[in-house]
Each structure stands twice: as structure tokens, then as C-alpha cells.
Amino acid sequence: MKLRSNLVFLAVLAVFGALSPLIDGLDSHTLLGVAIPQIDAINPYYYDILISIGINVILAVSLNLVNGYTGQFSLGHAGFMAVGAYTSAWITLQSAESGPGLFLLSLLAGGLVAAATGFAVGVPSLRLRGDYLAIVTLGFNEIIRGAIQNADFLGAQRGLGGMIKHTDFFITYACAALTVLVVHNLVHSTYGRGFVATNDDEIAAEACGIPTTRYKITAFVVAALFAGIAGGLYAHFKLYLHPDGFGFMRSMDIVVMVVLGGMGSMVGVCLAAAFLTILPELLRYASHLEFLPVWLRHVAENRMIFYSLILIMVMLLRPQGLLNFKSGTSRQST
Amino acid sequence: MVEFIQQILNGLAQGGIYALIALGYTMVYGILRFINFAHGDVFMLGAFAGAYAGPFVLRLNGGAPSYTVAGFTLVLAMFGCALIGMLIERLCYKPLRHQPKITVLITAIGVSLLLENGGQLLFGADPKSFPELITDRALDLPASWGALSVLTVTLSQVIVLAVTGLLLLLLIFFVRRTRTGLAMRALSFNPVAAQLAGVNLNHTIAITFGLGSALAGAAGILISIQQPSIDPLMGINSGLKAFIAAVLGGIGNLQGAVLGGIVIGLLEALVVGYGSPTYRDPIVFAVLIVILLFRPAGILGRITPEKV
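Protein chains in written order, with the numbering used here: chain Z, 1 to 334; chain F, 1 to 308.
Any given hint could be a false lead.
Said to hold, decoys possible - Away from chain Z, derived, C-beta distances all over 12 Å, residues of chain F:
(1) VAL111
(2) LYS128
(3) VAL158
(4) ARG177
(5) LEU182
(6) ASN190
(7) VAL192
(8) ILE207
(9) VAL263
Stated by the list, open to error - Restraint-style ranges between C-beta atoms, simulated for each label pair:
(10) Z:ASN185 / F:ARG295: 37 to 47 Å
(11) F:LEU139 / Z:HIS288: 50 to 60 Å
(12) Z:PRO293 / F:PRO55: 23 to 33 Å
(13) F:GLY273 / Z:VAL267: 46 to 56 Å
(14) Z:ARG193 / F:GLN99: 23 to 33 Å
(15) F:GLN195 / Z:LEU317: 23 to 33 Å
(16) Z:ASP200 / F:GLY198: 35 to 45 Å
(17) F:GLY275 / Z:HIS288: 42 to 52 Å
(18) Z:ALA120 / F:ASP136: 17 to 27 Å
(19) F:GLY275 / Z:ALA120: 39 to 49 Å
(20) Z:GLU301 / F:PRO55: 24 to 34 Å
(21) F:ASN190 / Z:PHE291: 51 to 61 Å
(22) Z:LEU317 / F:TYR52: 30 to 40 Å
Hint data in this document are derived by calculation from the structure and do not stem from the laboratory. All C-beta atoms in this analysis are idealised placements derived from N, C-alpha and C, irrespective of residue type, glycine included.
Excised from the complex, chain F in its bound form (with noise of 0.2 Å):
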């Protein structure tokens, strides 16, 4: 039971991370309709921004690691893979608004092969170890907790938990209660009529890939601190388990891609755990076929009808 629980916390930590990546897919899927492929790795760009840019923080700090400087790496991080989110959807979506879907998703696949390789090139295809923002460490659990004070809670976990929290609440507050939150959600209802109510489309989509992609960053930042481990990979494998999130929970469902997040990283814990890593990956898959084959508007979603 202890072993359970404890595999349901790994869960929960690795789940928050898949479902801050997940909220960049089904947000740009929710305007634009289409997978931004790429989005996994800016997940990996976030990472190195906070390799790159972590060392120089510390040195600010006198190199003492402390709460303070992991949180201004994370809003550096944010804010890199911000700017190169707009950046991509400028240079390689925008030209494509009106083009075959097909055709910008084969555009966003070649974004995602160039920053993969123009990673390996720049960053060098070995691991990179992560500097170390936080001292990270197992938690003591209080005597009291009976037979649970046996798990292992490490700082890092509960970090990744409250900063994926917080950052959610965040990010409702922006589309519920903001007027780019409202356009945000206008134009994903119905992107003509948005515009001819006086919606600015392309300063919304522009500000769309930004938010995506600050929080794919913020989950670089976070992974890194539990894992630290790097390399210009690094993107694939989360950026597919996200993507498969946010089509588990109902893509274009902002609650859908936090619980299909929170669903995946449970059920590859539990995987792992009780079964064989090996068979982690192909079991992902498995799920996301069989959703996509009974319920394809995902756990959340709503399904519409195709019109001419």
C-alpha cells in the first residue's frame, strides 16, 4: 500500500510537468486547429535557457543555491521561450494561415527536427548536467503519519507540484478574467465573428504561442530540477506524452490537458512500477489509440460535427 502511494506521488510529480506542456498544445489547437509539433521542444529550449542562464543567477546569489534564484531562472526561462515561441509562429506558421493543414503540420515538423539538431549542434548531443537552482532532499515526514511517514517526499517534487499549481491558477485567471483571455476564448469559439467584433487575431495568436510556450519553459526549468539531466532530446519523448495529455483530456479543454497530464504521468508511474519500463512507451500509445478510436473528442471534449 506504502508502495502504491508512493508511486502515485512519482506519478503526480512527473504528471504536473506532462500536463504545463500539454496546456501549450491544446491552447494553440484551441485557435489555430492544428498540433504545433515543435511545442515539445521549446519544453527542451526552457531547459537549456535555465542551464545557460542558472550559473549566471547563482553567481548574482554569491553561488549559494536558494528558493530565490531557482524562481528568477524560471521567469527567465519563461520569458526565452516566450520570445522564441512568437518567434516561430512569425517566421514558419504565420506565412501558412491559410495554406492545407497538412502543410503546416509537415512546416511544424521540420521546426521541431530544426531545433532538435540545431540543439545537438549548439549545445553538443552529450547529457548536460543541470546547475543546482535548489538543494534538493528528502523531506522528514512527521512521526505521526503512522506507516505513510515512510515515503520518500523529496523538496523537488513539492516544488513541481505548487509551481504547476500555482502556474494553473494563473493561467484560469488570464482566460477567465482578462480581456486578451476573452478574445482568447472568442477566438476559438468562433474566429470570424471574434474579428468582426474587433478581435485582433494575430496579436492573440502571437500572445497565444507566448503563454504556451512560457509554461513549456517553466516545465523545462521544473523537470530539470528534479532530473538533472539534460540533452537536446530531451523534447520528443515529453513532448509526445504531452501532446497524448492533451488529446486524452479533450484538446482545446484547458482542465482536460492538466487532468490528462495528471492521468498519463500516473499511469506510466504505475507502469514502471509494477510492470517494466520497456513497456512504458508502447502502453502511452495504447491508450491514446484506444481514446482516440472510442471517445475522440477525449475525456473533457465535446465532439463536433465536420461541416462543408
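This is chain Z alone, in the form it adopts within the complex (with noise of 0.2 Å):
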């Protein structure tokens, strides 16, 4: 089992390998004696979607630890992201010209401070279940994020920029591909069943001795480590910070790809967060069309009425996840 995804993982990353030069582009050169050929990188608005949609996965996969296995509810994993990605900014900031080195430094410091502000935060919150862990988290979003807005170190308000463009297709879904790893590697070892326990039966699982509570936090470290690389390969993507962009809403956009996905569902949740990221540029697109109606076009300009318009009918008629195609296990939490 392990050995076998771990063989997939290696295989996925030479292609990703393989097909960074085509999205990335290339300069010519000569390689061993052979000349290489300049390569175009592509369209700069499909390679923004494209790195977009690596970052989306590494969010909702990290996410879906807690939500979906784990079967807590967190609402504040943009404050994770933020953590990360104020971070690493800082970091690479700290030299006049940063190198890929620094930057590859720098992603992990980012993950590492999101994971401890993660501990911080678990530690004392995931005592509490269901609403009130929604709305603990939430509210550690908020603090985090007001943290920022009086860092002046951090650009307070003004916002923090400056940083130099080192995400690159490789590195992003080569994190991306990480992070599946991972979560799926925890989930599915002897020891990650203990998750799984945590979220079927919350008081079963501990009578049975299960350390339930070092499970929620083991997900929750995890989830925050990984949400803090993605904020890190943010930062260097889209070369501004506000603290405003990780804000409730940003949390909710990463919830509603989980539930989308269906909750526990690692292909489920790949695919809403790529849907999801793609869902927007479409519906502008539609936005423009002139023989649609100009009220659906004023819908259309509004993604959020759609994302919780899909929320409610997926609660409603496929609580499982409109798109997780397994079913049976039931996933209930009390």
C-alpha cells in the first residue's frame, strides 16, 4: 500500500517534471551536447488559473484531514494560509535578491509556523465540537488576521509586496502532489484509522482507547502545515498580501470545495477544488455573452450566489458530496 503510492507519487512527480518546461517555458540551451529549443511558457491567464487550481488542492486536501477524515469542522484555515504566507514573504524579503533556494527555505519556515500556530490554536479549541469548533476557528481566523492588520512589520493594512515570482508550475504541484501523498499515506497507515474512529464515533473510539483528542490535533497540525505552504507559493505567485484576502470568506471558499468534493473523498475534493477555481473564469465568460438573459449574466458576475446556492442543494439532495462517487460509509459526526 505504501510502497505502491509512494511509487505513484515519484511517477506523477517526473511528469510533472516532464511538463513543467511546456508551461513554464525555457530558454535555449544545450544540454550534454544537445541544443534545446526556446519553449514559449503558455498564456499567462491559463498558467494563473493553472498554479491557482495547484494552490486550491493543496488547501482543500489539507483541509479535508480535518473536515472530511477527521470529521471536526474548521472555519478558519485562511488564517493558517495567512500565517504561511506572511511568513515566507518576510522571509524572502529579508534579502535584496532572493534565490529559489531561499524560497524553497522559506515555504517550509511558512509551513512550520502555520503548524505551531496551528498547535496553538487546536490545543485549547478542539476540546470543543461541532458549532463551537466552527466558530473557535473562525474566530482564530480573525484574531490572526487582526494580528496582521496592527503588524506594521508586516505592512499593517498597506498590505505587504515587493516579493520576487518564484512559484512555478513544478513546485506548486509538486507540493500539491506532496500533500496528497501525505494525507492519503496518514489516512490509510494503522495508525490513521484512529482518525477515521474519531470522526465514525467521537466516544466509542475513546472508550476503546483511541487518543481522540491527539488525533484532532495530530489533523489539525497537519492541515495547518500544508495550508501554510500553499500560503507561502501564494505569496511568491501573486506578489501582494492583503489581510483582507484571508478573511472568512477566503475559508469558506476552501469549505465549500471540501463539501463540494464530499467530505473524506481525496479525488472528490482534487476535483471540486479544480472546479471550483475554473467555476469563476467560466461564469465571467458567461458573464459576457450577449444572448444570455442580463439578469443570469448579473448572476453570473456573482460566484458566491452559486457557491451557496450549491452548498444548500448538495446539503439538501447529496449530503455525501455532489462530487464523491463511493458510497456506503456513512459520515456522520455528533
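Hey, can you piece these two chains together into the complex? The hints should help.
What follows is the structure, given as C-alpha cells:
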């Protein structure tokens, strides 16, 4: 099981590595005596969407570990993303000409600081359940945002800019593949049965001697780690950070991906992350189509209406998730 | 000292509004044990109901602002919000009554997002000005109050406090003295036994949603009289604060919701008055987290052990 998923991971990495010159573009040079022609990068608009999909996959898959497999409801994932983004940006901004080495280091540091924040947030709040946990994580998200708003060295309300574009196709998708691998292996290991047990019936799991609180905190810390890495990628891709970009709405975006994909379904969540990243672009395109009625074009301009309708309809008609084709296991949480 | 009393006064007026919204959260939680995330947006709809009904009522009165106009608009908005609240319950929450709580929670978040963004589409995203239903003015305090006579007390603050108090008394009378109130209390105490004793579950839940939403609608009008600029996202912040107030006081407990609302209102006013407005929201959330960690049932709530 482990060996197979690790081999798949390496194969996927190799594919991404082979694809990356086609997407990122390549200068003409000679390699081992062979002249390699120049390759143009793909259209920047599609490139932007492609990288955003990768970042969203990392965010959604990591949140799925908490909200899906472990059955806790966290509404503050954007807070951890913000921690990672600002940490990583602050590190690379310390040197005038930051190289790729420093960038990788800053990604790791961003992830670690986010994980530490996740630990600090998780230890007190994971004693709470259901609705209360949701509201407390939301509260921490707002507190993190508030802290950044008041931190002058992070740009406060002006936002933080001046980063160098380091994020490319390969690093984004390598991180996404790593997230999928880690979450998959974690949940499907002997140790990881504890996450699912916590989700299925917390009281019964506790009675069997499973340390549910430790599992919940582990899930939270791992999720925060990857959210931090996603934040670092985001910071060196968009090159401008503002505290308002990491509020409740951003967290909701990630939750919608997880719910739509099906809580606890890896493939579904990845598909949903990709779909919901492309959807606003499709809607923007639709809002310019002349033949559509004006009101429909108005609705298309406002993607959040779609999101909310999708959420309600999915919960009413298909609570296991729209893109979750696995049936059987009922994901209940008390 | 005078400045301190002034902050307390501003805090009380804001706290009264939080208390009205918090009552809706607490009543629904008491019976259904779930957080109606969309409640803050019903408050926003109340303000918009007033903004659309207000000019109409004003015209009936020949265009002159008066207490009657404000009162009539208030009743209209409360009625409209009660209908909307009951409709939301019937369409979105009732089909999910036997589903896991997380499903209902996500649905409630969905309804909340729908109302916010539907509101932006219908009413426009930019702030709208609320019609002048009552001519707001600063009251002249009698000189015999000494140093206190320099306080700024506006008519709207007095109205907010008076109406909040009146609605609270009416609600407490309703819950304590009527048959429907008895049914509500019975359901929150033990739903199965209450139904066996002949309480109509669906009926009572609908009335609870109606009552809570009407109070939120009233709060929407009251805040718009104080600060006459409304927008479709105004419910998010006030809704969250009111929810925190309900948890602070002990969710499921009516007196607790009022107490919590006033405490949050005072806290905010003091933070803004003596600290910085940017610290207001983080501090309120920090208070919520501290309360949940050390006294999860709130100030007035009692802890119920989880049963299998």
C-alpha cells in the first residue's frame, strides 16, 4: 500500500517535471551537447488559473484531513494560509535578490510556523465540538487577521508587496502531490485509522482507548502545515498580500471545495478544487455573452450566489458530496 | 469620568441591539441545538425591509417623520422578517431535521451566503441610506445633573434602549405565560417527552423561528435609526457579535443572551474608546475563546453531560 502510493507519487512528480518546461517555458540552451530550442510559456491567463488550481488543491486536501477524515469542522483555514504566506514573504523580503534556495527554505518555514500556530490554536479549541469548534476556528482566523492588520512590519493595512515571482508550475504541483501523498498515507496507515474512528464515533473511539484529542490535534497541525506552504506559494505567485484576502470568505471557499468534493473523498476534493477555481472564470466568460438574458449575466457575475446555492442543494440532496462517487460509509459526526 | 459614562452609554445602546439578535440564536439553539448562521442576515433583511417600507409609510403620513411612522415601519419589518425566518426553516432546515448536525450547519452557512450575495444582487453592493423615520437629535440634559449634563445622549439611543426593553418584556411574558411559550420550554427541556404530551413540534419550531427573526428584524430597524447607512453585508459582523453574546451569556438561556449582548456592547465601546478600533474584533473573539475554554456553558448556562 505504502510502497505503491510512494511509487505513484514519484511517477506523478516525473510527469510534472517533464511537463514543466512546456508550461513554464524554457530558454534555449545546450544540454549534454544537444541544442534545446526555446519553448514559450503558456498563455499567462491559463497559467494563472493552473497555478491557482494547484494552490487550492493543497488547501482543500489539507482541510479535508480535518473536516473530512477526522470529522471536525474548521472554518479558519485561511488563517493558517495567511501565517504561511506572511512568514514566507517576510523571509524572502529580507534579502534583496532572493534565490530559489531561500524560497524553498521560506516555504518550509512558512509551513512550520503555520503548523506551530495550528498547534497553538488546536490544543485549546479541539476540546470543543461541532458548532463551537467551527465558531472558535473562525474566531482564530479573525484574530490572526487582526494581528496582521496591526503588525507594521508585515505592512498592516497597506498590504505586503515586493516579493519576487518564484512559484512555478513544477513546485506548485510537486507540493500538491506531496500533500495528497502525505494525507493519503496518513489516513490509510495503521496509525491513521484513528482519524476515521474519531470521525465515525468519538465516544466509542475514546472508549476503545483511542486518544481522539491527540488525533484531532495531529490532523489540525498537518493541515495547518500544508495550508502554510500553500500560503507561501500564493505569496510568491500573486506578489502582493493583504490581510483582507485571508478572511472568513477565503476560509469558506476552501470549505465549499471540501463539502462539494465530498468530505473524506480525496479524488472528489481535488476535482472540486479544480472545478471551483475554473468556475468563476467560466462565469466571468458567461457574463459577457450577449445572448444570455441580463439577469442571468448578473447572477453569473456573482459567483458566491452559485457557491451558496450549491452548498444548500448538496446538503439537501447529496450530503455525501457532489463528486464523491464512493457510497456506503456514512460520515456522521455528533 | 464623564467620558467613561459616555462610553458606557454608547455601549448600552449597541449592546441592546446585540441582545435582540442574540435572543434569536439562543431560542433556536434551545430547541434545535444548532446555530442558525443565517440569523445575522435576517437582521440585515430587517434593515432593508425598513428601507423599502419606510418611504411608503412616510408618504402615508404626508412625508413627516414621527413616532407613528417609525413604529409602523418597525412592525412591518418584524412581520416580514418573521415570514422570511419561517420560510428558511421550512425550506432548508426542516428536511434535514434527522441529519447529522454538521449537515445542518453547512446548510445554514449556505443560506447565510445566499442571503448576503442575493442581497448584493438585489439591493446593490454599495451602502444605502436609510430613510429618516424619526428626526434624531441630541437631548438637552437638565443643568441640575451637574457634570453629567455635558453627556451626549441622542434620541435614537433612548429609543433603542426603550424598544429593546419593551420587546424583551413582551418576549419573557410570551415564553413564561402563554401555552405556546410553555410548549417551547417543554421542547427545549425534552423534545420526545414534550411531543408525547401533545406538543406540536413543527408548529412550535416555526413559531420559534418567527419570533427570533422578528426580533432580528426589529434590531435591523433600530440600528438603522442610529446609523442610517445599510449594506447587504452588515449582518455578518453584527450576527457574529450577537452569536458571541449568546454563547457568552449561556446559549439556550434568554436572560443570558441579553446579559451577553450588553457585555459585548460595553466591551466594544470601551475598546474603541480607550484602545484602537482595529483591536475591537480580535478582542471580542478572544473573549469568546476564553469563555468557551473556561466556562463552555457561558455565564448563566449550565453544563449538560454528553449522553450516548
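Hint check results:
1. With 12 Å as the threshold on Cβ separation, the claim that VAL111 of chain F sits away from chain Z is violated: the shortest Cβ distance comes to roughly 6 Å.
2. The claim that LYS128 of chain F lies off the interface holds: its Cβ sits roughly 18 Å from the closest Cβ of chain Z, which is beyond the 12 Å cut-off.
3. Its beta-carbon lying about 32 Å from the closest one in chain Z, VAL158 of chain F satisfies the requirement of being farther than 12 Å from that chain.
4. Distance to chain Z confirms ARG177 of chain F as a non-interface residue, since its nearest Cβ pair spans about 31 Å, more than 12 Å.
5. Taking the minimum C-beta to C-beta distance to chain Z, about 27 Å, the non-interface status of LEU182 of chain F holds against the 12 Å cut.
6. Listed as a non-interface residue, ASN190 of chain F keeps its Cβ farther than 12 Å from every Cβ of chain Z; the least gap is roughly 18 Å.
7. Distance to chain Z confirms VAL192 of chain F as a non-interface residue, since its nearest Cβ pair spans about 17 Å, more than 12 Å.
8. Every CB of chain Z lies more than 12 Å from the CB of ILE207 of chain F, the least distance being 23 Å, so the non-interface label holds.
9. Under the 12 Å C-beta cut-off, the non-interface status given to VAL263 of chain F relative to chain Z holds; the minimum distance is some 16 Å.
10. ASN185 of chain Z and ARG295 of chain F have their C-beta atoms about 40 Å apart, which keeps the hinted 37 to 47 Å range intact.
11. The hint said 50 to 60 Å for the Cβ distance between LEU139 of chain F and HIS288 of chain Z, and at roughly 55 Å that hint holds.
12. At roughly 29 Å, the beta-carbon separation of PRO293 of chain Z and PRO55 of chain F lies within the given 23 to 33 Å, and the hint holds.
13. Range check, GLY273 of chain F to VAL267 of chain Z: Cβ separation about 53 Å, and the 46 to 56 Å hint holds.
14. At about 25 Å, the beta-carbon gap between ARG193 of chain Z and GLN99 of chain F stays in the expected band of 23 to 33 Å.
15. Checked against the given bound of 23 to 33 Å, the beta carbons of GLN195 of chain F and LEU317 of chain Z, roughly 27 Å apart, stay inside it.
16. One distance hint, 35 to 45 Å for the beta-carbon pair ASP200 of chain Z and GLY198 of chain F, holds here, with the actual separation near 37 Å.
17. A hinted range of 42 to 52 Å holds for the C-beta pair GLY275 of chain F and HIS288 of chain Z, which are about 47 Å apart.
18. Distance hint check: the CB atoms of ALA120 of chain Z and ASP136 of chain F are about 46 Å apart, inconsistent with the given range 17 to 27 Å.
19. Hint check: GLY275 of chain F to ALA120 of chain Z, Cβ distance near 23 Å, so the stated range 39 to 49 Å is violated.
20. About 28 Å separates the C-beta atoms of GLU301 of chain Z and PRO55 of chain F, a value consistent with the hinted range of 24 to 34 Å.
21. Taking 51 to 61 Å as the suggested C-beta distance range, the pair ASN190 of chain F and PHE291 of chain Z conforms, at roughly 59 Å.
22. Evaluation of the 30 to 40 Å hint for LEU317 of chain Z and TYR52 of chain F yields a pass: the beta carbon distance comes to about 33 Å.
Hint compliance for this structure: hints 1, 18, 19 are broken, all remaining hints hold.
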